[in-house]
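J.: Please build the complete structure, drawing on both the sequences and the hints.
Chains as they are written, first to last, in the numbering used here: chain Z, 65 to 413; chain D, 65 to 413.
Treat the hints loosely; a few may be bogus.
A pair counts as met if it fits within one copy or between any two copies, since identical chains are not told apart.
As the list claims (entries may be wrong) - Lysine to aspartate or glutamate pairs mimicking DMTMM-like chemistry, simulated, CA-CA at most 25 Å apart:
1. Lys228 with Glu156
2. Lys228 with Asp396
3. Lys228 with Glu158
4. Lys228 with Asp176
5. Lys228 with Asp398
6. Lys228 with Asp145
7. Lys228 with Asp240
8. Lys228 with Asp249
Keep in mind the hints are simulated off the structure, nothing from the lab.
Number of protein chains: 2
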Amino acid sequence: MPSTAPARTRSSDLVRAARCEPVSRTPVWFMRQAGRSLPEYRALREGTSMLEACTRPELVTEITLQPVRRHGVDAAIFFSDIVVPVAAVGLEIEIVAGVGPVVARPIRSRADLERVPELTSGHVPYVTEAVRLLVAELGDTPLIGFAGAPFTLASYLVEGGPSKNHVRTKALMHGDPALWHALCDRLAQVSGAFLRVQAQAGARVVQLFDSWVGALSRADYTRFVQPHSAQALAAVAGLDVPRIHFGVGTGELLADMAAAGAEVVGVDYRVSLTDARERIGPGHAVQGNLDPALLFAPWEVLRAAVVEVVEEGRRAPGHIFNLGHGVLPDVDPDVLTRITDLVHEVSTR
Amino acid sequence: MPSTAPARTRSSDLVRAARCEPVSRTPVWFMRQAGRSLPEYRALREGTSMLEACTRPELVTEITLQPVRRHGVDAAIFFSDIVVPVAAVGLEIEIVAGVGPVVARPIRSRADLERVPELTSGHVPYVTEAVRLLVAELGDTPLIGFAGAPFTLASYLVEGGPSKNHVRTKALMHGDPALWHALCDRLAQVSGAFLRVQAQAGARVVQLFDSWVGALSRADYTRFVQPHSAQALAAVAGLDVPRIHFGVGTGELLADMAAAGAEVVGVDYRVSLTDARERIGPGHAVQGNLDPALLFAPWEVLRAAVVEVVEEGRRAPGHIFNLGHGVLPDVDPDVLTRITDLVHEVSTR
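T.: Here it is, written out as structure tokens:
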């Protein structure tokens with residue numbers, strides 16, 4: 065069955081900006097726009113675990129649609145979690161409130177790799193179904209598919225949970241590079257296939273999210289991570305979906321992340337869009353980069369910061385407005401709506 | 065009473081490297097070398113709270129000396145905590161195990177500023193005493209004085225404890241810049257005076273540590289933080305003590321941190337020493353920058369990484385070998401001794 069996404073989403077401002085083509089106004093969406101900042105989300109999630117929620121197509125659809133309806137953003141982001149694909153292939157993992165993903169038996173030997181088989185669309189029928197439901201509902205608004213990148217997945221699997229210093233992960237990559245590459249090769253397949261399922265079902269853009277990659281030096285990134293991110297991104301090559309690649313604290317890695325095969329590089333708030341463009345070089349779009357903490361500042365301050373990001377973004381083709389990191393849970397959602405309107409207003413002037 | 069530090073510590077490799085002068089070999093010390101990685105430290109601290117320990121000169125002296133004896137490093141770092149000076153002036157604060165500093169009543173209004181009076185040497189007689197004891201014991205090894213920088217102190221005081229996103233801190237700086245600057249002006253006095261007490265008692269170098277400043281954009285740093293760091297560093301100008309300034313994740317801020325008045329800029333492992341020197345410009349020494357996670361990798365891998373940092377450091381005058389962040393508590397202390405020997409060996413070749 066072919067994608068049910070209206071063909072015209074291909075010429076949406078989001079897709080055009082991702083391709084560095086002219087836009088009618090700067091497209092805007094927010095990382096983690098679907099989530100705890102919305103009371104309607106908290107009500108819907110009540111009593112359902114995160115991973116359970118991610119396997120229920122109607123729930124995923126409703127959660128993904130909530131911020132689009134409320135804020136009028138230019139894209140929906142598929143509601144999922146970074147560890148959904150590894151859970152889908154059978155790895156024992158749960159998301160513990162206040163902690164994050166916890167892996168019952170971490171991956172630390174070659175034998176452990178058997179617990180992470182390749183992912184096929186048969187592992188995630190609920191994703192295909194949710195994407196189809198979504199694109200039917202979304203009309204002209206494009207859907208962004210989502211997956212965690214191999215390094216971040218590997219860190220969770222090797223450490224057994226969230227980690228501040230990624231000590232075991234780095235010890236493995238340096239101490240047993242062959243095992244490291246075998247693990248990341250597997251995770252790149254899982255991650256890439258997860259993106260591909262979404263793209264084939266109708267997602268018009270994909271985002272590969274590498275939460276923790278900013279913990280690496282550039283030398284470690286290019287040697288141990290970039291080839292695997294490239295493999296994951298290559299899984300959707302030829303499907304006509306621009307690829308966004310983002311990580312936090314990645315000022316030193318922007319050019320290498322672009323070179324991994326992304327049309328759009330997400331920029332955190334520590335680096336200006338101008339500096340980011342200079343580092344990345346021509347031919348790529350940028351996404352970002354308002355400091356999410358500014359959403360707690362008075363409106364006049366926030367307003368000026370939003371206008372600055374929009375104006376800076378417009379100095380060259382290819383800018384998708386976003387935060388420089390995910391929406392914080394305590395934020396007043398009305399502020400996100402105001403920012404959306406302001407971005408549109410300023411960029412059509 | 066004048067400083068009892070032997071005058072010859074002024075021509076130690078540490079001080080010479082800090083001034084970009086020729087050295088007999090690359091000086092090495094480790095941030096957090098005095099601390100939980102050492103069994104003799106854990107034994108000594110048993111039953112004594114962190115803040116209590118910091119007020120006992122004999123204990124501070126012994127803890128500070130432990131890593132110097134064990135590893136043969138080229139500097140002692142004064143054992144203290146970032147919040148010691150604010151506790152010394154009377155702010156109610158405690159260090160909670162597994163959490164960090166917790167401020168009973170956070171600072172959020174102009175009236176709250178009264179709870180952070182100016183610091184004089186009379187507030188910290190135990191610091192003066194500990195430094196004097198130390199320099200008498202240390203002989204030719206120079207002592208590095210230590211203080212937390214105004215921004216990091218402000219973040220603890222405004223948030224009420226450690227924070228991931230510094231939301232209240234950023235909301236305050238943007239929402240009430242006058243109060244923010246008043247608070248940081250006070251904290252710069254406290255921080256600078258704390259460094260000055262140590263320098264006057266015999267510390268030969270000082271390090272101003274801005275743990276969290278990497279959470280700021282460059283624009284926010286230059287407007288809201290740099291003037292106050294400069295004020296703190298200026299408090300020891302004229303005392304003939306080179307000043308090291310370090311923060312984590314500060315690749316974007318290195319030049320501005322140097323411009324705040326530091327002779328030496330600490331570099332974390334995400335940026336190469338070569339790139340750091342290029343960003344900072346000539347006339348400054350650099351300190352760093354081995355990834356602390358590599359201390360858990362096999363020796364051959366670690367060895368190569370150490371040699372690389374030493375060789376890169378030697379390409380220009382002015383390099384102090386260190387980690388790109390503090391020693392992790394689980395590290396095998398023998399590894400630190402091996403690294404110290406290796407740095408010395410490689411740099412005298």
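J.: Which of the listed hints are not met by the structure?
T.: Per hint list: zero violations.
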